[in-house]
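> Produce the complete structure using the sequences and hints provided.
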Amino acid sequence: MRFAGIIFDFDGVLIDSEYVGNSQIAAFLSSAGHPTTVEQSMAQFMGLADRDFHAAVENWIGGPLPDEFHTARAAEDSRVMAEGIDAVHGAIDFVQSLPPTLPRAIASSSSTRWITRHLDHIGLRAAFGDQIFSGKEHVERGKPAPDLYLHAASAIGVPIESCVILEDSPVGARGAVASGAFVIGLCAGMHCGADHAAVLRDIGVNAIAHDFGDVARLVG
Numbered sequence: 040m041r042f043a044g045i046i047f048d049f050d051g052v053l054i055d056s057e058y059v060g061n062s063q064i065a066a067f068l069s070s071a072g073h074p075t076t077v078e079q080s081m082a083q084f085m086g087l088a089d090r091d092f093h094a095a096v097e098n099w100i101g102g103p104l105p106d107e108f109h110t111a112r113a114a115e116d117s118r119v120m121a122e123g124i125d126a127v128h129g130a131i132d133f134v135q136s137l138p139p140t141l142p143r144a145i146a147s148s149s150s151t152r153w154i155t156r157h158l159d160h161i162g163l164r165a166a167f168g169d170q171i172f173s174g175k176e177h178v179e180r181g182k183p184a185p186d187l188y189l190h191a192a193s194a195i196g197v198p199i200e201s202c203v204i205l206e207d208s209p210v211g212a213r214g215a216v217a218s219g220a221f222v223i224g225l226c227a228g229m230h231c232g233a234d235h236a237a238v239l240r241d242i243g244v245n246a247i248a249h250d251f252g253d254v255a256r257l258v259g
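Just add 39 to wherever you are in the sequence shown, counting from 1, and you've got my numbering.
Simulated from the structure, these hints should not be mistaken for lab results. Treat the hints loosely; a few may be bogus.
[Unchecked claim] Pairwise CB distance ranges, derived in the manner of DEER restraints:
#1 Pro-198 to Ala-113: 25 to 31 Å
#2 Glu-78 to Thr-110: 23 to 29 Å
#3 Arg-152 to Ala-82: 26 to 32 Å
#4 Glu-200 to Ala-71: 44 to 50 Å
#5 Glu-179 to Ala-237: 29 to 35 Å
#6 Asp-234 to Asp-132: 26 to 32 Å
#7 Asp-159 to Gln-79: 29 to 35 Å
#8 Met-229 to Glu-97: 23 to 29 Å
#9 Ser-69 to Ala-43: 42 to 48 Å
#10 Pro-105 to His-177: 27 to 33 Å
For glycine and all other residues, C-beta sits at the position ideal for the given N, C-alpha and C.
Here you go:
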């Protein structure tokens, strides 16, 4: 391994949730009179959580969120929590191939409840133990601030400069790059369009991976 520790984003890196979630957001906003494509939803909202996410939606629609938005999001969350969301192709094999002693963590904008539920669904819960960190719960400033990555690196006992971070969203990539780690922009999920790699390169990621085979070669 080229790196002493590895930090994973979650949605869009380990589970293929970004397209699912943004499809629901786009459909709701369009039905409420704010035409929005899935691609626009991903470009505007992907990687954000809670207040930052709500503020971005309000900016997009030019006004306050309707009450029905929160009801619809809660219903969607309940549905996917019950059903589970499948892994990004290749993610399970990659995680299982890592040296057992390699320090690793998840650093996500999602809640630890969401993360652990879907780790259970894809069979990777034991691979991360308690090294699961949420921008909602563990730091004051979530992504795109670098704080969550710095917190995760400290928790696994590895200097951030010796870590590699896997990120898929522009918001997450900005924070990852600012942290000082080596950052791989992962373009393996269903949400990654033809221009996704170029967007991540412009943010300053160190390398692009189009699948977990590329990731394995990059981490050595």
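> With reference to the structure, classify each hint as holding or not holding.
Checked hints:
Take Pro-198 and Ala-113: their Cβ atoms lie about 40 Å apart, and the range 25 to 31 Å is violated. The supplied range of 23 to 29 Å is met by Glu-78 and Thr-110, whose beta-carbon atoms lie about 25 Å from each other. For the pair Arg-152 and Ala-82, the supplied restraint of 26 to 32 Å holds, since their beta-carbon distance comes to about 27 Å. The hinted window of 44 to 50 Å between Glu-200 and Ala-71 holds, with their beta carbons roughly 46 Å apart.
Taken as a hint, the range 29 to 35 Å holds for the pair Glu-179 and Ala-237, whose Cβ atoms sit roughly 32 Å apart. Checking the proposed 26 to 32 Å range against Asp-234 and Asp-132 shows it holds: the Cβ atoms sit about 28 Å from each other. At roughly 32 Å, the beta-carbon separation of Asp-159 and Gln-79 lies within the given 29 to 35 Å, and the hint holds. Our hint of 23 to 29 Å for Met-229 and Glu-97 holds, since their Cβ atoms are close to 27 Å apart.
A hinted range of 42 to 48 Å for the beta carbons of Ser-69 and Ala-43 is consistent with their spacing of about 46 Å. Distance hint check: the CB atoms of Pro-105 and His-177 are about 31 Å apart, consistent with the given range 27 to 33 Å.
When each numbered hint is compared with the structure, a violation occurs for hint 1 only.
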